[in-house]
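Spelled out from the first residue to the last, the chains are:
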Amino acid sequence: MDGLRMASRALLAQQSAILVTGENISNQATPGYSRQVARLQPAAQSGAPISTPKGVVRAGDGVTLSDVERFRSQFLDDAIRDQTADDAGSQVTQDIMGRATAVMGDTNDSPLAMSLDGFFQQASRAVATPDDPSLRQAILNSASTLVSEFNTRAQALVSLRREVADQARSGAAQVNQILADIAQGNVALPEGTVEGNLALDRRDNLVNKLSEFLDVQVVPQSSGTVAIYQDGVALVFGRQNRTVSVGTDMAGNAALRTDSGKILNVTSGKLGALLQAQNVQLASFSSKLDTQATALMDAVNSRLQNGYALDGTAGSPLFAGLGAQDMRVAIGDQRRLGLAAASLQSTASITTANSVFDTSQALSTQTAALVTTPAASGVISVNGTNVAWDNSMSMDQILASLSAVGVKGRFDVGSQKIFLVRDPEVGVGATVTATDVTGNLAAVFGVTTAVINPGIPGDGSVAQSLANLTSTPVLGIPPSITIPQSLHGYLTDFASTVAGAKDLASTSKALLSALTQQREQYQGVSSDEETMNLMMYQRAYQSAARLATTQDQMLDTLINQMAR
Amino acid sequence: MRVTQAGQQALILANLGDLNERLLNLRMQASSGYRMQDGSEDPASYGQILSLKSQEAVVTAHGEVSSRLSGRLAYYDTVLGQLSDNVRNARTLAQQGASSGTDPTNLPLLATQVNQVLDTVLGIANDQNEGRYIFAGAKTDSPPYVATRLGDQVTGVTYQGDDRPQDVTLDNGQSMKFSVSGSEVFGADPADPNSVIGSLIHLRDALKAGDQAAATASMTVLDNVYSKVLAARGEVGAREQHLASLDLLRNNVILQLQKQRDSVQNVDLPTTVSQLMQEQTVWQSALQVASRVDQYNLLNMLR
Chain V
1215 MDGLRMASRA LLAQQSAILV TGENISNQAT PGYSRQVARL QPAAQSGAPI STPKGVVRAG
1275 DGVTLSDVER FRSQFLDDAI RDQTADDAGS QVTQDIMGRA TAVMGDTNDS PLAMSLDGFF
1335 QQASRAVATP DDPSLRQAIL NSASTLVSEF NTRAQALVSL RREVADQARS GAAQVNQILA
1395 DIAQGNVALP EGTVEGNLAL DRRDNLVNKL SEFLDVQVVP QSSGTVAIYQ DGVALVFGRQ
1455 NRTVSVGTDM AGNAALRTDS GKILNVTSGK LGALLQAQNV QLASFSSKLD TQATALMDAV
1515 NSRLQNGYAL DGTAGSPLFA GLGAQDMRVA IGDQRRLGLA AASLQSTASI TTANSVFDTS
1575 QALSTQTAAL VTTPAASGVI SVNGTNVAWD NSMSMDQILA SLSAVGVKGR FDVGSQKIFL
1635 VRDPEVGVGA TVTATDVTGN LAAVFGVTTA VINPGIPGDG SVAQSLANLT STPVLGIPPS
1695 ITIPQSLHGY LTDFASTVAG AKDLASTSKA LLSALTQQRE QYQGVSSDEE TMNLMMYQRA
1755 YQSAARLATT QDQMLDTLIN QMAR
Chain H
530 MRVTQAGQQA LILANLGDLN ERLLNLRMQA SSGYRMQDGS EDPASYGQIL SLKSQEAVVT
590 AHGEVSSRLS GRLAYYDTVL GQLSDNVRNA RTLAQQGASS GTDPTNLPLL ATQVNQVLDT
650 VLGIANDQNE GRYIFAGAKT DSPPYVATRL GDQVTGVTYQ GDDRPQDVTL DNGQSMKFSV
710 SGSEVFGADP ADPNSVIGSL IHLRDALKAG DQAAATASMT VLDNVYSKVL AARGEVGARE
770 QHLASLDLLR NNVILQLQKQ RDSVQNVDLP TTVSQLMQEQ TVWQSALQVA SRVDQYNLLN
830 MLR
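Residue numbers (my numbering), protein chains in the order written: chain V, 1215 to 1778; chain H, 530 to 832.
Just so you know, these hints were derived from the structure itself, not from any lab. These numbers come from a predicted model, not from an experiment. Do not take every clue at face value.
[Claimed, not checked] Derived DEER-like restraints, expressed as beta-carbon distance ranges:
hint: 1; chain 1: V; residue 1: T1686; chain 2: H; residue 2: D670; range: 28 to 34 Å
hint: 2; chain 1: V; residue 1: Q1435; chain 2: H; residue 2: M530; range: 31 to 37 Å
hint: 3; chain 1: V; residue 1: A1441; chain 2: H; residue 2: M530; range: 42 to 48 Å
Each residue gets a CB set at the ideal place from its N, CA and C atoms; glycine is no exception.
The task is simple: from the sequences and hints, build the whole structure.
Here's what the structure looks like:
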């Protein structure tokens, strides 16, 4: 009977092993499945006593299934979980950057850069004939196009931020569902059984799913359960779980918080990437776009407001608004464009008849050529600012010194007159004034009784100053940078950020792939291996069946044959 | 090392994905002619392209302005030519009037002709080009020279234009004055007997009065006036030449900029097509291997 018992144990053990092998074969394509191996070991020696020359020994009891071992590496699991968070986060970031690229129209022909170039081109065309209505209208049209490009991008970035915020909220809801599922199954699972192993796989898969959303730490507990922490806060402990939601932190940035109000520091995963995109990248793109828009508006408006419109009134700002989103063209009538600068000019020639005035020589040496003999020194107030001079200076030097107070002075050989023209690039204010505080320079200039000429239709000084913005550094953006250079820098910076996101996504994916391969090597199912196991256990089963048959025949012989 | 089917398939799929991505990039390059489809593929080159395009736009605008100014200067040249012809005509009339051989009774006739020249010159002084008074300086919307008349005879003229020089900044920040002010041609005081208009008024009145001595003096004045008009015309010619030389330089600059941009932006099509064919061959091989690799396993062999 011991033999039959042994045979039956062997049959059961091999059958169990075949079932385990079958489980592996069935699940070889199941994501997250850990292969299981049936551990067979000899049963305790408690069988019938056998007399041997060396004494009585007990026969073995055959084989028994001691354990169904689950192949899972805690080390690899932890590494993959961390990398999953990084990879999921970087993929989301890449996706968002891709959508931002589509929004910005960042292709070989950047429409924003082209429209800025077009605006300055129109200003340049209007310099020689600033009174041409079609050229003035073209400036307004190109300004509208430029504004539209800024508005579109700003609005699209706002919409994208909103979409990202929605995605984050949706992600938080998914996290809550996963946390609840983990907590529900977070019990002490029986190890060494197929059911227990499958339950452990389910829990690990849920944790992996969770790590796609945020970086978590999994701490196995002595009770056989796990505790899941994020930033030191227990999200799952025993069968209890917290919930999370997207709110704002003290600084007003989007943040993930628990139901107890604690703000979590989520640095990776989809939620980490979504929050980062909202608070940092997209916010930065929007803010820098606003900087470009305001720098442009300030530079253009200040110049136009230093000029005069066709009707002789002071120029109006061309642009209005606080940033890229609400930027708009504030002039509807091309006649209101202040493209002409005010000037003060000598009422008559300042030189005597048939004389040659050398503007590069000291005034003291040119008295014979001048109608009014200059004093030895003096102070002239130009646009309300005092400028000192003396007769050792040349006319060129004196006129050049006026540039700091927003006046371009020149002596015209043709008319032999002095022209003091408002420089639209300096200061605020459209007029030009020049009066003597001491000395008689204004008299030498011939402007003491001169009347300021407001905007004269054929003067394109302000149009020229607008066109000069392609080469003139402006305030509001880093020194020695022009407006086009600043915009190019913004677009290039944007492209670099997108490129960085792509590279990071590619690297993360490769790392995750490598770790996953490693895990697959360890815990994955090899059909060749399982096929061999199947054959082995099948043969063993057949052998055990043969043993049972043999034992049965022996007993039959004993019982039925010998008793006759 | 254990090799599982799932691991093998994941690896093959990843490799096929990479191959596919490379193929797609090459196809996009070949079909668009551009090396990059968006700036993130090469941010440094993208920045360069933007800068070059901006420079091209500025230079192109300078070219358009230069073309416009050339037209205006050519017009000035024509008008100044007409003016010099009229001054020379007046000079001839003055010479006739001053000649002792001229019958004094003909002097009024000469005066009438001078008056006609005067009207013509006044018309030239108030000439317009594309609706703008060309000798009005920046005050292009109103006639710069306003005559006072006694009957049909101009007795005086005042300048109501603006002598402000009109400049334009061209290539390399060079500034060029493109206007010709009334003062340069017709004098600071147009009524001055030594200016164009003033001298014609003076000559006409002298001839009317039969003053041949004054007519003789007018010849010298008209010679000076003629020189001044020629000088102004010469100045216009010099500016036209300057613009023409800038145009030549500018064309080279534009070509260079375009060439530079092409080298950064455009693909080398033969190289790209060759790479594409190479990758397609690799892709086909990878697909064939992928389709066969799973056929070889123990399970299939045991059948």
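Evaluation of the provided hints:
no., hint, in the structure
1, V:T1686 - H:D670: 28 to 34 Å, "holds (30 Å)"
2, V:Q1435 - H:M530: 31 to 37 Å, "holds (34 Å)"
3, V:A1441 - H:M530: 42 to 48 Å, "violated (35 Å)"
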